[in-house]
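As a plain string of letters, each chain reads:
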Amino acid sequence: MAGEIEARLKALDLTLPEVASPLANYVPFLHINNQLFISGQLPMRDGAAVTGKLGDTVSVEDGAKAAELCLFNILAQAKAALRDLDRIEQCLQLTGYVNAAPDFTDHPKVINGASDLMVEILGNKGRHTRAAVGCSSLPLGACVEIGAIFAIE
Amino acid sequence: MAGEIEARLKALDLTLPEVASPLANYVPFLHINNQLFISGQLPMRDGAAVTGKLGDTVSVEDGAKAAELCLFNILAQAKAALRDLDRIEQCLQLTGYVNAAPDFTDHPKVINGASDLMVEILGNKGRHTRAAVGCSSLPLGACVEIGAIFAIE
Amino acid sequence: MAGEIEARLKALDLTLPEVASPLANYVPFLHINNQLFISGQLPMRDGAAVTGKLGDTVSVEDGAKAAELCLFNILAQAKAALRDLDRIEQCLQLTGYVNAAPDFTDHPKVINGASDLMVEILGNKGRHTRAAVGCSSLPLGACVEIGAIFAIE
Numbered sequence: 001m002a003g004e005i006e007a008r009l010k011a012l013d014l015t016l017p018e019v020a021s022p023l024a025n026y027v028p029f030l031h032i033n034n035q036l037f038i039s040g041q042l043p044m045r046d047g048a049a050v051t052g053k054l055g056d057t058v059s060v061e062d063g064a065k066a067a068e069l070c071l072f073n074i075l076a077q078a079k080a081a082l083r084d085l086d087r088i089e090q091c092l093q094l095t096g097y098v099n100a101a102p103d104f105t106d107h108p109k110v111i112n113g114a115s116d117l118m119v120e121i122l123g124n125k126g127r128h129t130r131a132a133v134g135c136s137s138l139p140l141g142a143c144v145e146i147g148a149i150f151a152i153e
Numbered sequence: 001m002a003g004e005i006e007a008r009l010k011a012l013d014l015t016l017p018e019v020a021s022p023l024a025n026y027v028p029f030l031h032i033n034n035q036l037f038i039s040g041q042l043p044m045r046d047g048a049a050v051t052g053k054l055g056d057t058v059s060v061e062d063g064a065k066a067a068e069l070c071l072f073n074i075l076a077q078a079k080a081a082l083r084d085l086d087r088i089e090q091c092l093q094l095t096g097y098v099n100a101a102p103d104f105t106d107h108p109k110v111i112n113g114a115s116d117l118m119v120e121i122l123g124n125k126g127r128h129t130r131a132a133v134g135c136s137s138l139p140l141g142a143c144v145e146i147g148a149i150f151a152i153e
Numbered sequence: 001m002a003g004e005i006e007a008r009l010k011a012l013d014l015t016l017p018e019v020a021s022p023l024a025n026y027v028p029f030l031h032i033n034n035q036l037f038i039s040g041q042l043p044m045r046d047g048a049a050v051t052g053k054l055g056d057t058v059s060v061e062d063g064a065k066a067a068e069l070c071l072f073n074i075l076a077q078a079k080a081a082l083r084d085l086d087r088i089e090q091c092l093q094l095t096g097y098v099n100a101a102p103d104f105t106d107h108p109k110v111i112n113g114a115s116d117l118m119v120e121i122l123g124n125k126g127r128h129t130r131a132a133v134g135c136s137s138l139p140l141g142a143c144v145e146i147g148a149i150f151a152i153e
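Residue numbers (our numbering), protein chains in the order written: chain A, 1 to 153; chain B, 1 to 153; chain C, 1 to 153.
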């Protein structure tokens with residue numbers, strides 16, 4: 001059945017956002033040779049990034065919600081690239097960059113916002129490898145940025 | 001001959017650790033289409049991460065030893081994925097994240113702990129591309145985190 | 001026609017630098033199975049890295065010029081790997097690490113130095129996905145480091 005993932009999005013009452021434009025001279029996605037690369041996505045909401053620093057001005061809970069926004073944008077870019085999200089064979093890798101204070105330690109709980117939602121939407125195809133690390137700062141002051149690589153059927 | 005790399009591990013008197021469980025809703029490895037992705041591995045020893053910050057509370061020497069622990073965990077995950085480490089064609093990429101103070105400059109010497117050990121164990125198949133960068137903080141307060149991609153025969 | 005990209009480099013009056021040696025026990029590039037991985041390149045000029053921190057001692061303009069130097073080194077490594085840059089099918093991914101103060105927000109403008117030059121030299125084949133993030137510090141005190149993955153014909 002086509003549209004399986006679209007149906008799950010509807011069942012979860014989730015709507016993918018409009019795709020965000022790159023901030024510069026690059027592209028949001030490339031699909032070549034069975035792999036789909038997605039540029040680092042920021043937690044864009046209503047055209048602005050959710051800003052702040054974990055371990056300082058942003059709570060782990062709010063950071064996880066921002067990571068969900070990054071994941072929505074990743075899937076929106078994947079849909080723009082593939083038209084049909086059912087073509088995803090597997091999410092291979094998420095790289096989660098957390099805008100974090102020097103003594104912050106809960107990066108995994110922040111990026112879980114993206115990982116959990118990915119698995120909720122894509123099922124086993126959404127189970128990915130990942131790295132979660134702390135950045136001194138991020139573009140636009142965003143509190144999190146996440147890049148992705150998918151395997152495509 | 002099968003088990004060539006296992007034999008080298010024995011000759012070096014090295015034992016791979018038990019694989020570490022992911023800290024969240026993701027998987028430690030994915031092997032698809034001749035590539036093996038390994039999640040970012042922390043310097044786990046006896047169930048706890050080696051913590052601290054390079055350029056502050058951790059010396060370059062101790063950071064390099066922590067990077068060796070990351071590499072052991074990477075190879076343990078690779079073995080869990082492949083059963084036989086001889087199936088590795090090449091380590092394509094290590095990404096080395098160093099928990100580092102703002103004025104630290106010796107990231108390469110830290111990640112060398114992993115790079116040198118990789119080549120010692122895998123020989124030319126262990127010669128990888130890499131990036132070594134400084135992070136403001138890392139999960140669990142770990143002093144280093146390393147992710148990897150392998151080409152598989 | 002062979003040498004199309006070399007011809008464009010000449011038309012732009014650009015000369016690729018001598019390839020920089022790795023700072024440790026790893027390799028600058030690996031070309032396997034239609035992908036070319038390039039190690040993180042620093043802004044080397046006359047054998048020394050351009051140093052400093054964005055949002056502190058380095059301006060966005062000077063950071064962008066340093067990113068250009070990283071890109072030159074990436075292409076020099078690609079040429080050393082492929083002999084002929086025309087074999088590049090597409091630049092798949094740039095990962096741009098900016099040595100940045102905690103309140104810096106213009107990482108995209110810095111990495112644009114590399115992205116713009118890539119597209120100027122490679123045309124549409126140079127249009128890549130990318131992430132741009134802030135690092136607490138970088139090897140040798142460099143102000144920027146950029147890694148790359150290319151698809152090869």
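Mixed in with the good hints, there may be bad ones.
Since the list gives no way to pick one copy over another, a pair counts as held whenever it fits inside one copy or between any two copies.
[Claimed, not checked] SDA-like mimics (lysine to any residue), calculated; alpha carbons at most 25 Å apart, straight line:
no., residue 1, residue 2
1, Lys79, Ile32
2, Lys109, Leu30
3, Lys109, Gly3
4, Lys109, Val27
5, Lys125, Ala48
6, Lys79, Glu68
7, Lys109, Asn33
8, Lys79, Pro102
9, Lys10, Ala101
10, Lys125, Gly52
11, Lys109, Ser21
12, Lys10, Ile32
13, Lys125, His31
14, Lys109, Thr15
15, Lys65, Asp13
Just so you know, these hints were derived from the structure itself, not from any lab. Remember, it's a predicted structure, so these values are computed and weren't measured experimentally.
Do the hints match the structure? See the list:
1. Taking the closest pair of Cα atoms, Lys79 and Ile32 come within 25 Å of each other both inside a single copy (15 Å) and across two copies (21 Å).
2. When the C-alpha separation of Lys109 and Leu30 is checked against a cutoff of 25 Å, the pair qualifies only between copies, where the shortest distance is 21 Å, while the shortest distance within a copy is 29 Å.
3. Taking CA atoms no more than 25 Å apart as the test, Lys109 paired with Gly3 passes in neither setting, with 31 Å inside one copy and 38 Å between copies.
4. Proximity of Lys109 to Val27 under the C-alpha cut-off of 25 Å is restricted to the inter-copy arrangement: shortest distance 15 Å between copies versus 29 Å within a copy.
5. When the C-alpha separation of Lys125 and Ala48 is checked against a cutoff of 25 Å, the pair qualifies neither within a copy, at 30 Å, nor between copies, at 30 Å.
6. Taking the closest pair of Cα atoms, Lys79 and Glu68 come within 25 Å of each other only inside a single copy of the chain (16 Å); across copies the shortest separation is 32 Å, beyond that limit.
7. Taking identical chains as interchangeable, the C-alpha atoms of Lys109 and Asn33 are never at most 25 Å apart, the minima being 33 Å within one chain and 30 Å between chains.
8. Within a single copy, Lys79 and Pro102 get their C-alpha atoms no closer than 36 Å, and across copies no closer than 34 Å, so neither meets the 25 Å cut-off.
9. When the C-alpha separation of Lys10 and Ala101 is checked against a cutoff of 25 Å, the pair qualifies neither within a copy, at 37 Å, nor between copies, at 42 Å.
10. Taking identical chains as interchangeable, the C-alpha atoms of Lys125 and Gly52 are never at most 25 Å apart, the minima being 31 Å within one chain and 35 Å between chains.
11. For a Cα distance limit of 25 Å, the shortest separation of Lys109 from Ser21 across copies, 15 Å, qualifies, whereas the shortest one inside one copy, 28 Å, does not.
12. Within a single copy, Lys10 and Ile32 get their C-alpha atoms no closer than 29 Å, and across copies no closer than 29 Å, so neither meets the 25 Å cut-off.
13. In this homomeric assembly, Lys125 and His31 come within 25 Å of each other (Cα to Cα) both inside a single copy, at 17 Å, and across copies, at 13 Å.
14. Only within a single protomer do Lys109 and Thr15 lie at most 25 Å apart by alpha-carbon distance; the minimum there is 24 Å, versus 31 Å between protomers.
15. Taking the closest pair of Cα atoms, Lys65 and Asp13 come within 25 Å of each other only inside a single copy of the chain (16 Å); across copies the shortest separation is 46 Å, beyond that limit.
Violated hints, listed in ascending order, are 3, 5, 7, 8, 9, 10, 12; each of the other numbered hints is respected by the structure.
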